[in-house]
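J.: These protein sequence lines map, in sequence, to chains A and B. So in my numbering, the last one in the first sequence is 142, and the numbering has no gaps at all. So in my numbering, the last one in the second sequence is 847, and the numbering has no gaps at all.
Just so you know, the hints here were simulated from the structure itself, not pulled from any lab data. Computed from a predicted model, the values in this text were never measured in an experiment. Mixed in with the good hints, there may be bad ones.
As the list claims (entries may be wrong) - With a straight-line cut-off of 27 angstroms between C-alpha atoms, the simulated DSS-like cross-links for lysine-lysine are:
1) B:817 - A:78
2) A:81 - B:817
3) A:134 - A:85
4) A:78 - B:791
5) A:97 - A:85
6) B:817 - B:791
7) A:97 - B:817
8) B:791 - A:134
9) A:89 - B:776
10) A:85 - B:776
Said to hold, decoys possible - Quick look at which bits of chain A chain B covers, simulated, 3 or more residues with Cβ under 8 angstroms:
11) 60-73
12) 85-94
Glycine included, every Cβ here is placed at the ideal spot set by N, Cα and C.
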Amino acid sequence: GNSVTQMEGPVTLSEEAFLTINCTYTATGYPSLFWYVQYPGEGLQLLLKATKADDKGSNKGFEATYRKETTSFHLEKGSVQVSDSAVYFCALSENSGNTPLVFGKGTRLSVIA
Amino acid sequence: EPEVTQTPSHQVTQMGQEVILRCVPISNHLYFYWYRQILGQKVEFLVSFYNNEISEKSEIFDDQFSVERPDGSNFTLKIRSTKLEDSAMYFCASSSQVNQPQHFGDGTRLSIL
């Protein structure tokens, strides 16, 4: 079956540091890939997505590239801010039909000033 | 920006009691979902719903669970006889079309005593 594996957290960084959160996936077909973010006390918000190989999703300074050869979708940001502190979830869904999201376990990021 | 809204934000219920979690999806969306997140674990798919019927359900969604769209706006998840292990955060999501990103509500925290 489909699955998503994320790096274990928590991750603690100083403000303006470079962020990478690794995500790899296993899928039978050619899925769409997503990063969702959950700020404290809030629900899941879509951060970015990519629907096919070599696509790059980007939003709010975050980027992730769909790498089919390594089945990866690593999240990166060049300079994190305190306001980026949240839990980040990598997810996939098959591109056929109304299919559910399969989530990774989530990675908690804490950014300190 | 339109939002998915969930009520209540926190529900405390005695074991064995019935509980109904409510969701108002984004108004022009056609596909609806329930997910849950047990504390410290990954977000898990429960059920998807389209055209007034269940499209797909997971192994978690057993006979104790049911979903309904009683009118043009609400989408409900009912747990008929709650168990301790039903304690979790329950998220509702909706999307406008197949393969479009799912938009999540802030969740209902369900605590079974």
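J.: Hints first: check each against the structure and report whether it holds.
T.: Here is how each hint holds up against the structure:
1. B:817 - A:78: violated, 36 angstroms
2. A:81 - B:817: Given pair residue 81 (chain A), residue 817 (chain B) is violated - Cα atoms ~41 angstroms apart, limit 27 angstroms.
3. A:134 - A:85: holds, 22 angstroms
4. A:78 - B:791: holds, 24 angstroms
5. A:97 - A:85: holds, 12 angstroms
6. B:817 - B:791: holds, 19 angstroms
7. A:97 - B:817: Given pair residue 97 (chain A), residue 817 (chain B) is violated - Cα atoms ~41 angstroms apart, limit 27 angstroms.
8. B:791 - A:134: holds, 20 angstroms
9. A:89 - B:776: With Cα atoms ~24 angstroms apart, residue 89 (chain A) and residue 776 (chain B) stay inside 27 angstroms; holds.
10. A:85 - B:776: Judged against 27 angstroms, a Cα distance of about 25 angstroms means the pair holds.
11. 60-73: Per the Cβ count (7), the hint holds.
12. 85-94: violated (count 0)
The earlier numbered hints that this structure contradicts are 1, 2, 7, 12.
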